[in-house]
Amino acid sequence: MNPRVETFRRFTARHIVNHWVMMIAFAGLVITGMPQKFAGEAWAKGIVLIMGGVERVRFVHHLLGTIMALQLVWHVLEGVWLHLVKRLGMPMVPRIADVKEFMQQIKFNIGMEKHPPRMDRYGFAEKLEYLALVWGTAMMVLTGLLLLYPVRWSSLFPGEVILAAKAAHGGEAILAFLSVLTWHVYFVHIRHWNTAIFTGKLDAESYAEEHPLELARLRRDEEPAPRPSEVWRVVVFVAITAVVIVAVAAFYWWLRTPGTTIWTIKVPGWS
Amino acid sequence: MESKHRTGAAYLLAVAAAILLGGQGLAADDGACLECHGSEQQVTDAAAAMDLKLSQERIEQLVRRAPQAGAPHAGISCLDCHPKAGEIPHPAGMLKESPCVTCHEDELKQVNKSTHRDPKGGNDLRAPCWACHRAHDVRAVKDPHSATSPFNIASRCLNCHDKREYLVGVHGHGVQLGGLDFAATCVSCHGGHDILAPSEAGSRVARRNISFTCGKCHGRVAEAYRESVHGAALTEQDNADVPTCVDCHEAHRTLDPLLPRFRLGSPEMCGRCHNNKAMMVKYKISTAVYDTYVADFHGTTAELFRAASPDQPLNKAVCYDCHGYHDVESVRAAGDKLIKERLLVKCQVCHPQATAAFLTAWTSHYQPSPTKYPLIYWVKVFYWLVIPGTIGFFLVYIALDVWGRRRHRRSS
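So the protein lines, in turn, are chains A and B.
So the first sequence is residues 1 to 271, counted in my numbering.
So the second sequence is residues 1 to 412, counted in my numbering.
Some hints could be false.
Here chain B is said to cover these stretches of chain A; the calculated rule only asks that three of the stretch's residues, wherever they fall, bring their Cβ under 8 Å from a Cβ of chain B [stated by the list, open to error]: (1) 31 to 43; (2) 105 to 117; (3) 171 to 180.
In silico SDA-like links for lysine to any residue, alpha-carbon gap of 20 Å or less [unchecked claim]: (4) 107/A - 396/B; (5) 380/B - 142/A; (6) 316/B - 147/A; (7) 316/B - 53/A; (8) 127/A - 215/A; (9) 53/B - 42/B; (10) 37/A - 316/B; (11) 107/A - 397/B; (12) 380/B - 136/A; (13) 114/A - 406/B; (14) 380/B - 40/A; (15) 120/B - 197/B; (16) 45/A - 312/B; (17) 216/B - 187/B; (18) 37/A - 385/B; (19) 37/A - 382/B; (20) 316/B - 61/A; (21) 282/B - 365/B; (22) 45/A - 314/B; (23) 37/A - 363/B; (24) 107/A - 402/B; (25) 107/A - 399/B; (26) 37/A - 295/B; (27) 114/A - 397/B; (28) 114/A - 400/B; (29) 201/A - 13/A; (30) 346/B - 328/B; (31) 107/A - 400/B; (32) 163/B - 204/B; (33) 127/A - 92/A; (34) 37/A - 365/B; (35) 372/B - 158/A; (36) 216/B - 256/B; (37) 107/A - 406/B; (38) 127/A - 189/A.
Calculated directly from the structure, the hints in this document are not laboratory data.
By construction, the Cβ of each residue, glycine as well, lies at the ideal position given by its N, Cα and C atoms.
For reference, chain B alone in the conformation it holds in the complex (with noise of 0.2 Å):
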C-alpha cells in the first residue's frame, strides 16, 4: 500500500510538473492531457495510480477524442473547455461547468427561454449543450454525421424522452428507413433551442399551433382542417375538445393513414369524443352516431372485418367516407337538403345503381323511435316481445309436461 502511494504521488508530481513548465504552450496541443487520456490504457494506468476504481464505460468516456479535422472545434484544446483541468487532480465538479457558452451566448439565451432552461436563469440548464450536440464530437448540423442531424438527432432526444413510439411511426420510417432527411424530426415539431413543452401557449406543439406546425410540410391539409368544423373551433374559440392533428394522427406513432389499419381503425377513433355522452351533450350532437353505425351495414362489417383482417383494405363505408376527414362539416350548418345531394353521390361511389329513394333507406343515425322511423321501431318492440312471450310459453308449457310426466310415473 505504502509503495503504491509513493509510486501514485511521484505520477502526479510528474504530470503537475509537466504543465508548469510548459505553461500555456503545452495546452495548446493538449500534450499534457494525452498523457493520461491519450488511450484506455493510459487512463487505466493513471486511474490505477491515484487508486480509482472506473468502470469499463468510464474508462472510455475519459478517452480523449480528438475533433475530426475541418469541425467547428477543430482548433479547440482542452483546456478551453475544461480550465479547471490544468489542477492535478482535477478538482469536483469539474465536469458541470457550461464552457459551451464563452463562445455560444446567444444560444444560452435561446435555451434559457425553453423548457430545458436553468430554472435560475444561469448555464446549469437541464439538458445542457452537448446531451443534444455531444461534447467532444461536435459536428455542424448539416453534417449528416452530426448528433443534430436528422438521422442522429431521435437518439439524443430518446436519451431522456421515452417517446420511442416515433421510431415506428411514418416520420420515423422515413428518416430511419427510408432516408428521407426532410421526415419529421423530433426538432421538426418540437424546435430546437426555443423547445417549449406543449402545455405553453407559445409552444410548436400546443393545441393552438399544432396545425401550423404540421401544416409546414402538410400545408394543404393542415388549411383544410382549419376551416373544417373542428378547426375553426379550435382557432376561433379555442374549443379544449376537438381533434388536433395529433388526435387522429397520434404525435409520435403516426400511422400512415393509407394502411388498412388506419382505416378500419377510424371508427373507433371519431367514437372516443362522438360516442362519449358528456363531451357531446355540450354541442347537442347525438352519441347515437357511432352505435347506429355499427348495428349498420357498413359498420358491422366493419368491425367483423377488422377482427379477421386488421390489414386488409376494407370496401364499406367508414365515418370518413360521408363526412370527409380534414374538411369535416357540421351536418347541422350544411342542411339537410345538400347533405342529401351531396349523399347520394358517396351512396354512388359503392351503390352506382343509388336513387334518391335509396337514401330512405338509412336513418340518418336516428335510434328508431315512435316518431322517427316508426315502422323500425313497432318492429322491434314486436319482437321485444313476441320473442320472450313465445319462449316464456314453452317453458312454461315444458315445465308443467315434465312435472305431470314425473306424477304420473311415480302414481302408476
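Bound-form chain A, shown alone (with noise of 0.2 Å):
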C-alpha cells in the first residue's frame, strides 16, 4: 500500500480471523450444497466427481456447517462479552437513523438531496448484510439439523416439517448465495475495492465516504474509553457461557441418542 496514503484501523484481529472463518465456510457450504439441490444437473455431478463423491461432499458440508454453527454460537457469546463486560456499545444494531440514511440515500442518488448521508461505524448496507447472516445462518443451522436427524425430529413435529425445513434449506441458500453475489460483491468489490476486512485498516478517503462521523470522531480522538469491567458481569457472562456450552452439548445428545441411519446395508454379493 502506498505509505503516504493516510489510513485508519477498521478491523481487530478477531474481525479478520471471523471473516475468514466465515468466508471459507460460506463458500465451501455453497460448493457443496447447490450439487445436492440440482442433483440433475451436468454441473452438480461434476463437482461431485471433482470432489471425489457425494459421501465426501456430505461430510464437507457436515463439517463447515458445524463450524458455521459454532460460530454462530461463539458470535452470540462475543456479543454478550463485550456488552456486558466490555460495556460496549451495539454499533450493528439498527437504529431509526439507517431507515432515515437509506432513504437519503436515494434522494440523493436521484438529485432529491445535496448531500449523501453521513453515516457512522456501520452503514444501513452493512446491517442489512450483518442481519440477513446472522438470520440465515440461524435459518441455516436450524433447518440443517432438521434434515441430518429426520428420525429425531419426527418424534416431536409432523415429518412434513422437516420437508419444509428442506425447502427452506435450498431456498434459504439461494438467497444467501443470490445475496452475497449481488449486495455483497457491489459494496465492497465494485463501489469500492474494500479490503479493510484483510488488512484491518481502511484509507481515509473510503473513511470519509462512507462512515464519516466515525472518521470525525477518530481525528478528534474521541472514542470513548472502555469503562472498567466489574466482577459480577465477569460472573453473569461466565453462567450464560455455561449454560450455553451446556444447552449446546444436551442438544446433540439429543439429536444423536436414538442412533442414526445405519452406515451400510448388506447389499447382496457385496458382504
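Combine both chains into one complex, guided by the hints.
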C-alpha cells in the first residue's frame, strides 16, 4: 500500500479471523450444497466427481455447517462479552437513523438531495447484510439439523416440517448466495475495492465517504475509553457461557441418542 | 496361352476319365475328389489349370475335411451330398443344393415352419443347415466341439445376427468365461429349428411367452412376476405397456442384477415408463413418482452417487427396495393402511429407530400443493417470492447507486 495514504484501523484481528472463517465456510457450503440441491444437473455431477463422491461432499458440508453453527454460538457469546463485560455499544443494531440514511442515499442518488448521508461506523448496507447473515445462519443451522436427524425430529413434529425445512434450507441457500453475489460484491468489490476486512485498515478517503461520523471521532480522538469491567459482569458472562455450552451439548446429545441412519446395508453379493 | 489351355483340358479329361472308369466304386472312397480337393496345393493347381483366380480363403474352403472318425457323417462320401460333383467342371449353382434333406426330412419340415424357412416352402432355407451345423465337420449336438454346442453356438448365430452384446451379458459370460454349459445360449431362449421372430405369437420370445422362456431356468421369479401387477396385466389383458423380463434385464446385454451398476441404474429404468406421461395417463399413475424420488434424499444421493461411483454399492433406497421387483404390487390395490404397515418395515431396514411418525416425513411421491402437504408448498411459494423480491430490490438499489454516483462524479 502506498505509505503516503493515510489509513485508519477499522477492524481488529478478531474481526479479520471471524471473516476468514465465515468466508471459507460459506464458500465451501455453497460449493458442496448446490450440487445436492440441483442433483440432476451435469455441473452438479461434475462438482461431486471432482470432490470424490457424494459422501465426501456431504461430509465437508456437515463439517463446514458445524463450523458455521459454532461460529454463530461464538458470535453470540462474543457479543455478550463485549456488551456486558467490556461495556461497549452495539454498533450493528439497526436504528431509525439507518432507515433515514437509506432514504437520504436514494434521494441523493436520484438528485433530490444535495448531500449523501453521513454514516457512522456501520452504514445501512453493512447492517442489512449483517442481519441477513445472522438470521440466515441461524435459519440454515436449524433447518440443517432438521435434515440431519429426521428420525429424531419426527418424534416432536409432524414429518412434513422436516420436508418444509428441506425446502427452506434450499431456498435460503439460494437467497444467501445471490445476496452475497449482488449486495456484498457490489459494496465491497465494485463500489470500492475495500480490503479493510483483510488488512484491518481503511484509507482516509473511503472512510470519509462511507463512515464520516466515525472518522470525525477518530480524528478528534474521541472514542470513549472502555469502562472498567466489574466482577459481577464477568460472573454473569461465565454463567451464560456455561449455560450455552451445556445447552448445546445437551441438544447434540438429544439429537444423537436414538442413533443415526445405519451406514451400510448388506448388498447381496457384496459382503 | 495356347499351351496352358491345352494342359488344362488334358487335366480335366484325365480326371473325368478316372471318374468314369472308376464308377461308383471310386466315389465311395472319394479318391477322385481328392485329386483336386486333397490339399491346398492341389486346389491351387487345379484352379490354375482351369484358369481360375481363387482367394486364399476360398482355397482353404475347397480343401476336403474328413469327418472325424465316429462322427455322425463319417461314412458319407462327397458325392452323397454333392451328387452333381461327378460332372467336371462342376456345374454352376451346385453349392445351393440342400443335400441334408435327403436324410433329415423332419428337420426340414420344422425349419420350414420357423423364421428361417424357405419362403417357397422348398429347401432353399434362409439359414441353410450348414449355417448353424457347419458343412463338413458336422458333429453330434452333445459333442463339445460341435458347432451347436453351448460354447460354439453363439458364433454361428452371430455370423448373421449382430447381437454381440450377448457375449458381455451375464449369460454370455457364464457360457464363455464361466464354462457353464447350462447358462442360456441363443437357442435356449430362441429355440433351434422352430425359431420364430418375437413378433410372431408362437415365438418363445414373444411378449406373452418371455416369462415362461426365462422361467425354464428362473422358475420362481418368473412365477412371482406373472402374479405381479406387471405380469398379471400381460397374461390377463395382453397389456402392451407393462415390462416383461427383458424390458428391465435386457435380452442380450443382461446385466448381473447383483452388480451395483444395475442397482444404480434401476430408478432410470423404472422411470422409462413411470416418467412417461403419455403412458402413465392411461393408468392414472402419477409421473411425479420419478421426479419426487430424485428430488428426495434417497434419489438425490443415488443420482450423485451414480455420477461419481457407478460401480460401488449404494446404501440408499431405490425404487425396488420399497416396491419390490418381480412381485411389484399396485399401491392402490394394497390400500393405504397395509402400505403404511409394510413401509415402516422397509424404512426400519436402514433407519432402525423409525416410528410410524417418521413415515410422515415423506410425501408418498406427491408434489406438495395447497391441499397435499400445504406447509411445504407454502414454504416453496415463500421463497419463490422472497428470492426474486430481495435480489430484485438489491439490483434496483445498486443500479440507482451506480447511476447516482456517476452523475455526481461528472458534475463535481
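Structure versus earlier hints - violations, ascending order: The structure breaks none of the hints.
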